[in-house]
Amino acid sequence: EAQVTQNPRYLITVTGKKLTVTCSQNMNHEYMSWYRQDPGLGLRQIYYSMNVEVTDKGDVPEGYKVSRKEKRNFPLILESPSPNQTSLYFCASSFARGETQYFGPGTRLLVL
Amino acid sequence: EDQVTQSPEALRLQEGESSSLNCSYTVSGLRGLFWYRQDPGKGPEFLFTLYSAGEEKEKERLKATLTKKESFLHITAPKPEDSATYLCAVRTAGGGNEKLTFGTGTRLTIIP
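Top to bottom, those sequences are chains A and B. With my numbering applied, the first sequence corresponds to residues 1 to 112, in that order. With my numbering applied, the second sequence corresponds to residues 113 to 224, in that order.
If you're looking for bench data, these hints aren't it; they were derived computationally from the structure. Every value quoted in this text rests on a predicted model; they were computed, and no experiment measured them. Treat the hints with caution; some may be incorrect.
In silico EDC-like links for lysine to aspartate or glutamate, alpha-carbon gap of 16 angstroms or less [stated by the list, open to error]:
id : chain 1 : residue 1 : chain 2 : residue 2
1  : B       : Lys211    : A       : Asp56
2  : B       : Lys211    : A       : Glu30
3  : B       : Lys154    : B       : Asp194
4  : B       : Lys154    : B       : Glu193
5  : B       : Lys211    : A       : Asp59
6  : B       : Lys180    : B       : Glu129
7  : B       : Lys180    : B       : Asp194
8  : B       : Lys211    : A       : Glu99
9  : B       : Lys171    : B       : Glu193
10 : A       : Lys18     : A       : Glu99
11 : B       : Lys171    : B       : Glu157
12 : A       : Lys65     : A       : Glu53
13 : B       : Lys154    : A       : Asp38
14 : A       : Lys69     : A       : Glu53
15 : B       : Lys191    : B       : Asp114
All chains, please: the whole structure from these sequences, using the hints.
As structure tokens, this is what we get:
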């Protein structure tokens, strides 16, 4: 089944404790992206990747890092999480930039 | 700055009562308008892409239309399983970063 998977689905952590949210897709998509979704603000792009080893900032990149060492994986790293990063995070992928994006199930993060 | 506005924020309909959701946009260089459905606790699920004014697409009880300034998602004789949040997104190429800009969604509730 074609899908985007994310892990973990739920995470509670404390300020400053580094964490990684994994994202994997099995559709051989070149373009991958991370979004956060907050009430009243909609989905906002954090980082995106056009292909392996090619990443760039989206609209709200502060406090986040990403890497793309393999085509299928695009982890999101929070090196020192803060409470304002409490949110619902989605990974998405598409064949190419600007094409239809397919979303993962989401990761709900709470930073205390 | 690219803007996408969806209205109403929330809509409650009786089963079988047809209505429309609105997505208005102010963007530079529209390259596509996307509709997604999002169920609680899940990632957005792709519904339609529209590229040019006058274009229409249909899927079961849903029909999406596009003008130069807005898009409508018409829902005909809805059923309770159509209850979800409907998201609109526009694909733009402003500043060299082709991306999706999302609206905040319309939460649709169909009452049996």
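Which earlier hints turn out false for this structure, listed by number in ascending order?
Failing hints, ascending: 6, 7, 10 and 15.
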